[in-house]
Amino acid sequence: MAVAQKSPSTDAKPVADFSKEQELSAYRTMLTIRRFEEKAGQMYGMGLIGGFCHLYIGQEAVVVGMQMVLKPGDQVITGYRDHGHMIATGMDPKGVMAELTGRAHGYSKGKGGSMHMFSVEKGFYGGHGIVGAQVPLGTGLAFANTYRSSNNISITFFGDGAANQGQVYESFNMAELWKLPVIYVIENNRYAMGTAITRSSAEVNLSRRGLSFNIPGDQVDGMDVRAVKAAGEKAAAWCRSGKGPYILEMLTYRYRGHSMSDPAKYRTREEVDEVRTHHDPIDMARHRILEKKFASEDVLKKIDGEVRDLITQAAEFATHDPEPDVSELYTDVYR
Amino acid sequence: MPIEVLMPALSPTMEKGNLAKWLKKEGDEIKSGDVIAEIETDKATMEVEATDEGTLGKILVPEGTADVAVNTPIAVILGEGEDKAAIKPSKPAPQRKAAESAPPAKAKAQDGPAPKPAKAPDAPMPQAANDPDIPEGTEMVAMTMREALRDAMAEEMRRDKDVFVMGEEVAEYQGAYKVTQGLLQEFGARRVIDTPITEHGFAGLGIGAALAGLKPVVEFMTFNFAMQAMDQLINSAAKTLYMSGGQMGCQIVFRGPNGAAARVAAQHSQDYSAWYSHIPGLKVITPSTAADAKGLLKAAIRDPNPVIFLENEILYGHSSPVPKLDDFVLPIGKAKIARPGNDVTIISWSMGMTYALKAAEELAGAGIDAEVIDLRTLKPMDNETIIASVQKTGRAVTVEEGWQQNGVGAEIAARIMEHAFDYLDAPVARVSGKDVPMPYAANLEKLALPSVAEIVEAAKAVCYR
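From first to last, the protein sequence lines stand for chains Z and U.
One point on numbering: in this note's numbering, the residue at position 183 of the first sequence is 183, and numbering is uninterrupted.
One point on numbering: in this note's numbering, the residue at position 177 of the second sequence is 512, and numbering is uninterrupted.
For the record, the hints were derived by calculation from the structure and aren't laboratory data.
By construction, the Cβ of each residue, glycine as well, lies at the ideal position given by its N, Cα and C atoms.
Possibly wrong hints are sitting among the right ones.
Claimed, not checked - Simulated restraints on C-beta separations:
| no. | chain 1 | residue 1 | chain 2 | residue 2 | range |
| --- | --- | --- | --- | --- | --- |
| 1 | Z | Lys292 | U | Asp363 | 39 to 45 Å |
| 2 | Z | Lys265 | U | Gln462 | 51 to 57 Å |
| 3 | U | Pro456 | Z | Ala237 | 31 to 37 Å |
| 4 | Z | Lys71 | U | Gln462 | 53 to 59 Å |
| 5 | Z | Thr198 | U | Asp457 | 53 to 59 Å |
| 6 | U | Ala723 | Z | Ser200 | 54 to 60 Å |
As the list claims (entries may be wrong) - The calculated lysine-lysine pairs, modelled on DSS-like cross-linking and capped at a C-alpha distance of 30 Å, are:
| no. | chain 1 | residue 1 | chain 2 | residue 2 |
| --- | --- | --- | --- | --- |
| 7 | Z | Lys293 | U | Lys366 |
| 8 | Z | Lys179 | U | Lys513 |
| 9 | Z | Lys265 | U | Lys496 |
| 10 | U | Lys360 | Z | Lys301 |
| 11 | U | Lys769 | Z | Lys265 |
| 12 | U | Lys393 | U | Lys356 |
| 13 | U | Lys378 | Z | Lys265 |
| 14 | U | Lys659 | U | Lys513 |
| 15 | U | Lys451 | U | Lys496 |
| 16 | Z | Lys302 | U | Lys795 |
| 17 | U | Lys496 | Z | Lys71 |
| 18 | Z | Lys179 | Z | Lys243 |
| 19 | U | Lys419 | Z | Lys301 |
| 20 | U | Lys795 | U | Lys769 |
| 21 | U | Lys356 | Z | Lys265 |
| 22 | U | Lys366 | Z | Lys301 |
| 23 | Z | Lys302 | U | Lys359 |
| 24 | Z | Lys301 | U | Lys513 |
| 25 | Z | Lys301 | U | Lys378 |
| 26 | U | Lys419 | U | Lys359 |
| 27 | Z | Lys302 | U | Lys419 |
| 28 | U | Lys393 | Z | Lys302 |
| 29 | U | Lys795 | U | Lys727 |
| 30 | Z | Lys122 | U | Lys496 |
| 31 | U | Lys378 | Z | Lys302 |
| 32 | Z | Lys243 | U | Lys496 |
| 33 | Z | Lys292 | Z | Lys20 |
| 34 | Z | Lys265 | U | Lys360 |
| 35 | U | Lys451 | U | Lys366 |
| 36 | U | Lys366 | Z | Lys20 |
| 37 | Z | Lys234 | Z | Lys179 |
| 38 | U | Lys513 | U | Lys496 |
| 39 | U | Lys419 | Z | Lys265 |
| 40 | U | Lys366 | Z | Lys292 |
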């Protein structure tokens, strides 16, 4: 079946330009996520990372753009493709990578793994392995904000696959009913594992999924970090002003398989290459930076080197950090 | 420094694969993310992407090579300014063994004798405090379990503004079983919240609020409907503390009637005692008296862990004395000897206690002095009280409304066998719900549930009478 959906940025509206600082900062964070994920993929291949490992490569602009909208105290929650979200919230790549390798100084002491990490300090509420389960949880974070009259918002990320789970609509209903400050960010990367959205969804425009609950929604070019931020600002203003939830459908794309063991036979190499060549969020940012003379090739090269060093250090740390002590087996079951 | 590209594993169990095809040739420029080769196993063909930039300096494993061990260097990438002369022959990487768990252990294993597999440490034994002393002269007030539960919630809500109650019909309707009567009037709609009929959703929402630090008391109209929310209760509530390495947990109580009511048939009559007490990370409380209901619900609301509080619709209207104290809190995890005795131990909880106590009276008439233990908490279970009693009586009968297979009675019997085998004078007997969905017809329903007569018969049997 043909993929009816257009390439992510073909119908993009013009968006406000970033300042030099914003452009460079977003570039660096997106690149950090990309390099982190490449390294994680490599380490998985070497047997250093076990189990499931879902890479975020290609989708970096979504989390980085949304993170630029957050204020202190806002919460972020997502599903299992979560490494990018953690790095975007400012969690230490060392701790994230050490969790991937199941080591003592991973964010969850090695007990959670790729899909289960949290940081109270950075407002990151996980890292949830059951598709769609984070949606009521994220709605509950927003409930807490309302309960405390805090003016904070919850950013609840989920994918096009999760968008077909019933609990998503149970959450939509309560969120609108109680006007909870939650932005539902649907990261539509076109494939739920190996099932194209056209084969799984009666309505493929996921920004319309809140219509029967009166939740407004926008479709956003999720490959352009500027478009993501602009849409995020609008949605955040809506939520913070007490109008309730907002849906942002981010049209994005993952370059890698669903997980490491996915041979990706459900799509063509040409399709991947098309997005990669013409819509890569990092290449586009790099191009804009050079075009606007925000930085020279040399400066970008320096950033690239710094990012690479950071990730190399994280990988080194995660490779040599000890496994958790056996005494940790029974800790943290209860408190 | 030249970078070696290693033969990747496609899954944690892959040990070797075939190098099917090179898509780049020596001398080609390579960008991170470029597909450089294709490898295949019996299950799949996968593309190998470069994770570094540079020039493909040398192909070490030609295409068409079969059974290339994972982690074998297959090519070398040269960085800027490096040339082929920098490539040093590298020794082949040791074959990766799928069954081994951690790479550092593996590294050690290559040099010396294999390390001994680590032994699991002993499970911690839960310790529960004794019930607080009730000061002499304390007035005892007769109240229904329904009122006791309501008072417990009201007192905790007065004490802590982060405590709120949510569920179907808890506010304006005053509770489907009137357990939340008056709470809306005292605490307002912000803290007493009517939800839509959306168990999966509001259970998850409550857990999310708890992750953010609030202390929700979530009412299920009955626990039969909580099956819709089971994933959230177990995967989100029970496991998050562990999965976060102790960083993030949730203080939340899920409460509501559990077990058979009367004449509501199979989908509305089920005992979940065994289901929830199977799960590490949950505490499970099952009171049978008004005083225990009050003291334990207050403890549950204060407990920093997720607590499943299983009530019983038939017990809601039963009246029993509750001490009139400002702050009556009972310890979680402590059983109670509801009736002391010497000849046989009858162990039950919640609704089962009504049958057990009646049976003990009948047994007394037959000259058998039964000790009746009310577990009150199923998880953590009070081993000590059970074992001490069985050491005294040498005989035990468990009573539960739930089904026998993998039931709580089976667990109790196993614990007695493990810890008091030498004291037993007879095999442990189990009285339970019958292995059928609950029938509607009055006569069949009665037969499907445990009865006083069955307990008396079982107790006599273990006493060889």
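Here's how the hints hold up against the structure:
At roughly 32 Å, the beta-carbon separation of Lys292(Z) and Asp363(U) lies outside the given 39 to 45 Å, and the hint is violated. A hinted range of 51 to 57 Å holds for the C-beta pair Lys265(Z) and Gln462(U), which are about 56 Å apart. Take Pro456(U) and Ala237(Z): their Cβ atoms lie about 52 Å apart, and the range 31 to 37 Å is violated. The hinted window of 53 to 59 Å between Lys71(Z) and Gln462(U) is violated, with their beta carbons roughly 44 Å apart.
Under the hint 53 to 59 Å, the C-beta atoms of Thr198(Z) and Asp457(U), about 55 Å apart, fit the expected range. Distance hint check for Ala723(U) and Ser200(Z): the Cβ-Cβ separation is about 58 Å, which falls inside the suggested range of 54 to 60 Å. A threshold of 30 Å between alpha carbons decides the hint, and for Lys293(Z) with Lys366(U) the separation of about 23 Å falls inside it, so the pair holds. Under the criterion of a C-alpha separation no larger than 30 Å, the hint pairing Lys179(Z) with Lys513(U) is consistent with the structure, at around 28 Å.
Note on Lys265(Z) and Lys496(U): the hinted pairing is violated, with a Cα-Cα distance of about 54 Å set against a maximum of 30 Å. With a C-alpha separation of about 26 Å, the suggested pairing of Lys360(U) with Lys301(Z) holds against the 30 Å cut-off. A hinted pair counts as satisfied when its Cα atoms are at most 30 Å apart, and Lys769(U) with Lys265(Z) does not qualify at roughly 51 Å. Pair hint Lys393(U) plus Lys356(U) holds up; C-alpha atoms about 15 Å apart against a cutoff of 30 Å.
Among the hinted pairs, Lys378(U) with Lys265(Z) is consistent with the structure: their alpha-carbon atoms are about 12 Å apart, no more than 30 Å. At most 30 Å may separate the alpha-carbon atoms for a hinted pair to count; Lys659(U) and Lys513(U) meet this at roughly 22 Å. Under the criterion of a C-alpha separation no larger than 30 Å, the hint pairing Lys451(U) with Lys496(U) is inconsistent with the structure, at around 52 Å. Straight-line distance between C-alpha atoms of Lys302(Z) and Lys795(U) comes to about 85 Å, which puts the hinted pair past the 30 Å bound.
For the given pair, Lys496(U) sits about 25 Å from Lys71(Z) by alpha-carbon distance, which is consistent with the 30 Å threshold. A C-alpha spacing of about 6 Å is found between Lys179(Z) and Lys243(Z), which places the hinted pair at or below 30 Å, so the restraint holds. Taken as a hint, the Lys419(U) and Lys301(Z) pair is honoured in the structure, with Cα atoms around 24 Å apart against an allowance of 30 Å. Annotation: proposed proximity of Lys795(U) to Lys769(U) holds, straight-line Cα distance about 20 Å (limit 30 Å).
As the CA atoms of Lys356(U) and Lys265(Z) are separated by approximately 17 Å, the hinted pair is consistent with the 30 Å bound. With a CA separation close to 14 Å, the supplied pair Lys366(U) and Lys301(Z) stays within the 30 Å bound. A distance of roughly 27 Å separates the Cα atoms of Lys302(Z) and Lys359(U); the hinted pair therefore holds under the 30 Å criterion. For the hint pairing Lys301(Z) with Lys513(U), the CA-to-CA distance comes to about 68 Å; that exceeds 30 Å, so the pair is violated.
Between Lys301(Z) and Lys378(U), the direct Cα distance comes to roughly 40 Å. Violation of the 30 Å bound is thereby established for this hinted pair. Among the hinted pairs, Lys419(U) with Lys359(U) is consistent with the structure: their alpha-carbon atoms are about 16 Å apart, no more than 30 Å. Of the pairs offered as hints, the one joining Lys302(Z) and Lys419(U) holds, with about 25 Å between alpha carbons and a cut-off of 30 Å not exceeded. Distance hint between Lys393(U) and Lys302(Z) is fulfilled; the C-alpha atoms sit about 27 Å from each other, no more than 30 Å.
Straight-line distance between C-alpha atoms of Lys795(U) and Lys727(U) comes to about 17 Å, which keeps the hinted pair within the 30 Å bound. Between Lys122(Z) and Lys496(U), the direct Cα distance comes to roughly 25 Å. Compliance with the 30 Å bound is thereby established for this hinted pair. With a C-alpha separation of about 42 Å, the suggested pairing of Lys378(U) with Lys302(Z) is violated against the 30 Å cut-off. A C-alpha spacing of about 25 Å is found between Lys243(Z) and Lys496(U), which places the hinted pair at or below 30 Å, so the restraint holds.
Among the hinted pairs, Lys292(Z) with Lys20(Z) is consistent with the structure: their alpha-carbon atoms are about 9 Å apart, no more than 30 Å. Restraint check for Lys265(Z) and Lys360(U): the C-alpha separation of about 25 Å stays at or below 30 Å, so the hint holds. Distance hint between Lys451(U) and Lys366(U) is unfulfilled; the C-alpha atoms sit about 44 Å from each other, more than 30 Å. With a C-alpha separation of about 26 Å, the suggested pairing of Lys366(U) with Lys20(Z) holds against the 30 Å cut-off.
As the CA atoms of Lys234(Z) and Lys179(Z) are separated by approximately 16 Å, the hinted pair is consistent with the 30 Å bound. Distance restraint check for Lys513(U) and Lys496(U): the Cα-Cα separation of roughly 22 Å lies within the 30 Å cut-off, and the hinted pair is therefore satisfied. Distance restraint check for Lys419(U) and Lys265(Z): the Cα-Cα separation of roughly 36 Å exceeds the 30 Å cut-off, and the hinted pair is therefore not satisfied. Of the supplied pair hints, the one linking Lys366(U) and Lys292(Z) holds, its CA atoms being roughly 24 Å apart against a limit of 30 Å.
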